[in-house]
Amino acid sequence: LGQLKWDWFQHPQKLADVVAFDDATRGPWGSLLLITKKITQEQRPYLAGLGALITIAAIAIDPVSQAMVEHKGCSRAADSVNGIIAEIPRVNHYTAGPMDSDIVKGLADPQDLASMINFKCATGNCTFENEENGSPFSSLAICHSCQDITDRVIKVQEGPDAPFYAWQLSYDYNYTVPSLIPEVSSPWNSSKLSLLTTPGIFDKDKVSFRPFYSFDVLTIVDAPCNHLDDTCADEVNSSAFAVRCRLDACVKHYHGKVQDGVYSEIEHPKSNEILTWTDEWTLVANSSLINGKEMSCTARERWAPQTVRVESVDGGPFQLSPTSHLSEREGDKAFGRRKNVIWKFVPPECVWRIDASSWRAIISTLQDILQNNVTHSMLDGRPGIVTGPTWLKQVYAQAAGNLSTVENLARGLANSMTAGMRNKPYDGLDDKRIEELYSGLRAVVGATLVADTCVYVHWPWIVYPVALLMLQWTFCVLVLANRRSSPSNGRQQYRAWKSSPLALLFNGLDEDLSKRHGGLYTLKGMKQVADSTTVQMVPADGCKDKALRFCEIKA
1 LGQLKWDWFQ HPQKLADVVA FDDATRGPWG SLLLITKKIT QEQRPYLAGL
51 GALITIAAIA IDPVSQAMVE HKGCSRAADS VNGIIAEIPR VNHYTAGPMD
101 SDIVKGLADP QDLASMINFK CATGNCTFEN EENGSPFSSL AICHSCQDIT
151 DRVIKVQEGP DAPFYAWQLS YDYNYTVPSL IPEVSSPWNS SKLSLLTTPG
201 IFDKDKVSFR PFYSFDVLTI VDAPCNHLDD TCADEVNSSA FAVRCRLDAC
251 VKHYHGKVQD GVYSEIEHPK SNEILTWTDE WTLVANSSLI NGKEMSCTAR
301 ERWAPQTVRV ESVDGGPFQL SPTSHLSERE GDKAFGRRKN VIWKFVPPEC
351 VWRIDASSWR AIISTLQDIL QNNVTHSMLD GRPGIVTGPT WLKQVYAQAA
401 GNLSTVENLA RGLANSMTAG MRNKPYDGLD DKRIEELYSG LRAVVGATLV
451 ADTCVYVHWP WIVYPVALLM LQWTFCVLVL ANRRSSPSNG RQQYRAWKSS
501 PLALLFNGLD EDLSKRHGGL YTLKGMKQVA DSTTVQMVPA DGCKDKALRF
551 CEIKA
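Under full-length UniProt numbering, the letters of the sequence shown match residues 1 to 555, in that order.
Treat the hints with care, since some could be wrong.
Unchecked claim - Quick list of in silico lysine-lysine cross-link-like pairs, DSS-like style, CA-CA up to 27 angstroms:
1. K14 <-> K424
2. K424 <-> K105
3. K120 <-> K432
4. K120 <-> K527
5. K37 <-> K393
6. K14 <-> K432
7. K293 <-> K424
8. K293 <-> K105
9. K105 <-> K72
10. K344 <-> K38
11. K120 <-> K14
12. K120 <-> K155
13. K38 <-> K554
These are calculated hints, taken from the structure and not from any lab test. Predicted model only: the values in this text are computed from it and were never measured.
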């Protein structure tokens, strides 16, 4: 801008422009005044205006620079050499007992699965995510599903003249044990809710897809009574509602993390894989997720250490072989080769299983605890005390039970059983033996996080200083090009005075102009004269070898 001042006076201009250009070189306020004063003139200093705009825009550099970089609290992975542990339990093979306490807990105090998992995280903040943000691990679990089977309910009148009714569940086959068929009645002081194991689920001939366990709930549902007196008790306003819930042994996929000492877990939307019954509950998977990595279950033709024998009978799906614990030679010796059987060998992480003895113990516990009734008595002509297990009374909900209340029961039970499987999957095995049999399969290893201060760069903000820098370079190039293209006029083409005050000391006003206004001693007076005086820098007396002077040009 200082150099453009001298180039500006190659042509007749107001003497006050010297001050305007000088002020513009000193900061954004002067640059703004230069733009506002010259934008209305017929002859405009466009290049100087660009320089003034750059000076004004440079004001924002400091706040923009601060906005580019942000310091925030963050978490970073701790060095593994410190021995800090981050683990959450998982399981491929369940061999423990009947999980009595887990079943009772799931019924009496249903909770989210994550709140029941025994995790390890020394710092209180751990992550188990993988780089692709997929499911970091898979584990054995219990899946649940419930469906409305009210269409199977049969209504029976208690007697030819009785105003009371009973409801029973019907089945697709004759089942002649009345005590094992759910039944509820409308009279007070009788059973209002009945929960029993679904008959025939353990009979292969009657169940095509065998559940791990299944139960039926039959409950009375009372219609709302609009009377204010006791006549509701005499009316038959009841109907029956039935739900069947099944529990299946399955494989689920999870995301998990620990934040502020609280473990949270999200189930991956990938469809769950269901275990099937042969001599025990098994599933041979095509892949398995271990510590965030999906391991392909490539089958081998020959036995190798750390592999499990699986077999396909008559071209069917591969299942765990009865000789899975034997080498190929031992298996041949014990069972012989069968023509309709194909043997393969897969890594242990690809085989999911629940021992038959463990399953039978669990089923026995479920039947002992679950099978029960709720009775609703009459007191002073009005509904009185509800008798039965607390968790069943919640399902009954004062004769207002529905599919949701039954499903809440099944969900709490499935979550608690899943937590029991993952927390305590092995019975009677010490840590050394567990490590030998299930090395790398017992837990998911994650990264512990420690608090730190991180520097975040907001890259979009960097566009502003880069654009400003490019404008400055462009402006400098244009100023240099403007000097080279200026017409030769004495020594004008050699001027490179920029903002130096020496130029005004050695090259001042023309003598006539100086004498005429020599009595000016105030800035106000000088400004008034400068505003009305048009000057141009020319050699004194018209001689090329003399100093340049601001000579007045008559309009």
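Hints broken by the structure, by number, lowest first? Per hint list: 1, 4, 5, 6, 8, 9, 10, 11, 12 violated.
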